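Enquirer: Letter by letter, the chains look like this.
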Amino acid sequence: MRGTTAGLGWAALVLLGACTPEQGANEGPAAGDAPDAAQAAELLPADREGRAALGREHATARELYDALRARAGGDGRLSLDDMPDWSGLWTRVGPPFFDPAQPEGVLTTAKLKPEARAELERRRELAAQGIEYDPISDCSPPGFPRWLAIPFLREFIVTPDQTWLFSETTNNMRRIYTDGRDHPPAEDAYPLYYGDSIGFWTDDHRLVIHTSQIQENIFHRNDPRHSDQLETVEVWRKTDDSTITADVWAYDPVTLEEPWYVQQTYKQVPNPDKSLRIDYWHCFENPNNTIIQTQEGGSSFRDFTFTEQDDR
Amino acid sequence: MTSTKTHAIRILPAALLVPALAAADIELPGTKEGMTELGRRHATAWDLYQFFLEQADGGDRKGPADMPDWSGVYTRNGIIFNFDPDQGRDRLPTAKLTPEYQRRLEEKLDRIERGIEYDPLSECAPPGHPRWLTEPFLREFVPTPKQTWLINEMVNDIRRVYTDGRGHTPEEEAYPTYNGDSIGFWDGDRLVVHTNQLMAGQYQRTQPEYTEQVETVEIWEKVDDRNIVAHVWVYDPPVLAEPWYVKQTYTKLSDEQSLRIRYWHCAENPNNVVIRTEEGSSQFRDFTFTDEDDQ
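Protein sequences appear in the order of chains A and B.
To convert, note that position 171 of the first sequence is 171 in the numbering used here; the numbers rise steadily by one, no gaps.
Position in the second sequence counted from 1, then plus 1000, gives you the numbering used here.
Incorrect hints may appear among the rest.
As the list claims (entries may be wrong) - Here are the computed lysine to any residue pairs in the SDA-like style, where the Cα-Cα straight-line distance is at most 20 Å:
1) B:K1146 - A:P272
2) B:K1146 - A:I157
3) B:K1096 - B:P1238
These are computed hints drawn from the structure, not numbers from a lab.
No experiment lies behind these values; they were computed from the predicted model shown.
I would like the entire structure built from these sequences, with the hints used as guidance.
Expert: As structure tokens, this is what we get:
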């Protein structure tokens, strides 16, 4: 049973989406949590091309992460006396592509390997014919990094040792360990919907994350596939009272010719009377959600066909 | 960051605010019977919550540095199918039920003994609160000044307790939800919670049902380095002849660094597609375990 929450979430998305996608490409002045703009600027180049180039300078996501760790200095830990305030409800803004800055009519801004490009073109052609299947139709989680681009409400819960990044859709929760632990050893690791994420904090309240152990999936419904060799680096930061951005570098030697840099933007959803709350998302509550993939790669409801004889 | 009583904030200039007080003001009886009697003395869960709020002088306003350390991964202690851990191996629960719901429970237990049983969890439905309190698997508890998240790994089930001073959703906008609507306040390092707007359900598979009128009061506190307890009073006039007091205990697991909670995708395994039969039992959807029909 879900009523007002989802409705308000959509409303916020519609209201905010139209005015903010461009913000993803241009980080605004430091404000709120970021007292030292000069220091913040040093961690990352100022413009999109510079950040994309930063990705190309490093062969792997882990190398970029380690370089940012060295560049940030400090102990990488948050202090309870100096915590960023990321409370409230948020929603992603921008078009339904993994890269919000993707120009209209462009296949993708990712530089794909030939096979991955051919797969995406084939999938787009089928979608144009109405043949399309998306695992989330069957209540599967979007997985990461697609998680970055899905709609509805979000919460970002910050504590010194761990940050929880929550999305309302199928109750998706990412856990970022900032207590100094590393990833599980290779012999204990296996691909996961949300991978395994470790991170550190900069002195100006940027959360830098490295994620590995990610399952093979799609970046978004109309975006390329990625392999289970994908790894990412993210830099999260509250840029003003109502905006949090995430700079993202995706490395996937199987599908990407070079790291794919994108910036996601999340806007705080106005909630002056605090009436907007996230409830449990029970995807299976509505039997219409029981959708299966057809042999030709399309989608079909499991138990009815919309013909007069077979409807139930 | 200091912890102060909200009533003190109302009447004192900021410069005079007293430093953090971790001690709780609410005096809880030392015995289970005393806790049960405390519930009996209040006609509704809201009355009991207001009583605690008054004892706590309106509760403490906390900053990040004042929050108790509930970090780590926990799991519930006790026999899984009992809402009250004190039920032990007894067939019937410790609740004092109304005659109608006593009869319904006994009929249900009789059916279970004959192998006729259906649990909505088999079909990936969430357990809902207050059953949430009894579920197994891993848990995280994340207290922050304005909101506390109570997380159970199973079906990614998250309760939110608002401690920013807001009230419940107005009646005209309220409707039953799986985990209800929870508001609370801090009394020292104790979190006091009132929950309403709950959907009907069952306390556990072999336990009584509850109706949409169910409401709860909980007091959560960390009692030592490894244990967090929740004192729970349940009010549900159609089902309970008097409030049902139980104490739940959640123990921190020792292997914190390597043990991590992952996404719970209930439907990943098609064996989870279970439906309710016409007689009230359970059946897998697409196969019957006979030689001819297995797939």
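Enquirer: B:K1146 and A:P272: Cα distance at most 20 Å?
Expert: Status holds; Cα separation ~15 Å.
Enquirer: When you check the alpha-carbon spacing of B:K1146 and A:I157, does it fall within 20 Å?
Expert: holds (11 Å)
Enquirer: For B:K1096 and B:P1238, compute the direct alpha-carbon distance and say whether it is at most 20 Å.
Expert: Roughly 12 Å between the alpha carbons, so the hint for B:K1096 and B:P1238 holds.
The earlier numbered hints are all upheld by this structure, with none contradicted.
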